[in-house]
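*Asks:* What follows is the residue order along each chain.
2 protein chains.
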Amino acid sequence: MVKRAVFFLSDQTGVTAEALGHSLITQFPGQSFREMTVPFIDSEDKAREAVRTIDAASKNDALKPLVFSTLVQPDLRTIVRDADGLHLDIFDAFLEPLSSELKQQPTVTLGGAHGMSDIDAYMKRIEATNFALANDDGGVSRDYDVADVILVGVSRSGKTPTCLYLALQYGVYAANYPLTDEELETGTLPDFLIEQKQKLFGLTIAPLRLQQIRKERRPMGNYSSAQQVRFELREAAKMFRRYGIPHVDTTEFSIEEISSRILDSTGVERRVRP
Amino acid sequence: MVKRAVFFLSDQTGVTAEALGHSLITQFPGQSFREMTVPFIDSEDKAREAVRTIDAASKNDALKPLVFSTLVQPDLRTIVRDADGLHLDIFDAFLEPLSSELKQQPTVTLGGAHGMSDIDAYMKRIEATNFALANDDGGVSRDYDVADVILVGVSRSGKTPTCLYLALQYGVYAANYPLTDEELETGTLPDFLIEQKQKLFGLTIAPLRLQQIRKERRPMGNYSSAQQVRFELREAAKMFRRYGIPHVDTTEFSIEEISSRILDSTGVERRVRP
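Heads up: the protein sequence lines correspond to chains A and B, in order.
In case it helps, my numbering puts the first sequence at residues 261 to 534.
In case it helps, my numbering puts the second sequence at residues 261 to 534.
It is possible that some hints are incorrect.
One copy or any two copies: either way a pair holds, since identical chains are not told apart in the list.
As the list claims (entries may be wrong) - Capping the alpha-carbon separation at 30 angstroms, the derived lysine-lysine pairs in DSS-like fashion look like this:
#1 Lys-263 <-> Lys-475
#2 Lys-384 <-> Lys-263
#3 Lys-263 <-> Lys-306
#4 Lys-457 <-> Lys-319
#5 Lys-384 <-> Lys-475
#6 Lys-384 <-> Lys-319
Just so you know, these hints were derived from the structure itself, not from any lab.
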């Protein structure tokens, strides 16, 4: 069966076109697609090359390609519009109503969304990433005074990727601390965490999933045994209740969702917007 | 001066609505906005609460809020559409033409884009993140055999955040190796890198910017001196030329752009799509 070609065209990275296109095509689960991102279309030559690629796919598949586009420059959009595909262009759709509401003509700003127009945002994200790395796993640093949030949970409950995502995406200073066996057994948090109680946020996860994740890391031994995993998760849950720590079960959620839920629940402000 | 309210509404994280909205409002640089994300609108109650928030902003500011929405469920969209704002809804705009081209009614699939419909993608991203952390900074592991790409460059040229972004966003296995003074002086790469030459990708950066970044880390000493920074960057550039390593100057680019350029230039396939 031929998979229909889906193109994400952009004069930048294509991240916006991908996100937009994805959320739309997933509404048609019966269909089968092959997705291609064509980033950095910033010249007429590159626009014409994209047209040739789209036309070739159309001819080859005998199926009209879907073309999600976030090209800003009007002359490039004009070129691309000639390609044989179904064009879904956010600037075509939304720029006019926006312009009329704002009573301003749009300036053609390339790279407005992610460009170095915003060096300050870049630096903030880098600094937040360095913070997350230094304050990972209860490790090297414990700069909890300047943390926006401190994730707590058992080993492999998703703390590290979530902290890194919060840093890279939002510039949020997220530290994480893995609860130790001793803390779980006594049901007591260390003092340096109690002092920061308002910043704590718990991650939990279904026992079977945690076992599966831990087995990939260390197939043998207590670390991934059903008994150990159940003990840790049960005691962590008790601890969250005891200290009134808000928490989320990561089993059903993607990294984006976990991160959004943390910001939503804690009210932590994003330091940058993507 | 009153900043116009901009709302990003979503039944998921809001990342798509934010990306879409951002790329549009940056086309109107004269305006001043205050942005609010309202994620996880998954019930009529939450939809009505969003309407109240939007209406309050409209009344308070005497300026119509902009409302970027990626709500999937038709009943929630109907509720939200009553809010007093300029509605820019990607489903309203694009679902109908898509449906007609695909000859299929859209299924209302919540969380299609980022949900746990895709546990496999989640695991791949986590594993890629673990890989990036283990293979960071020429460190602990050197699992270069399974790497998709190995970033090389001087200290603080942007290697670590880029590797983490490639992992979290695309599930790409990215290692990084900081060129040592000795390697720079002799102009010779270590054997374990030469063996992986086809995977190498260089990052470079403007001397002044690098000095600024390094000074934040260690204000004193040779590490952030103009002389040292210039020496390292000059020798790294020679090395890239000598070994024919493709490279990008990170000075003007965001993490997203650097990552996209690496994928685009190397042809490395994304293991997951966001």
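*Asks:* Return the numbers of the hints above that this structure violates; sort them in rising order.
*Replies:* Violated hints (numbers, rising): 1, 4 and 6; every other hint is consistent with the structure.
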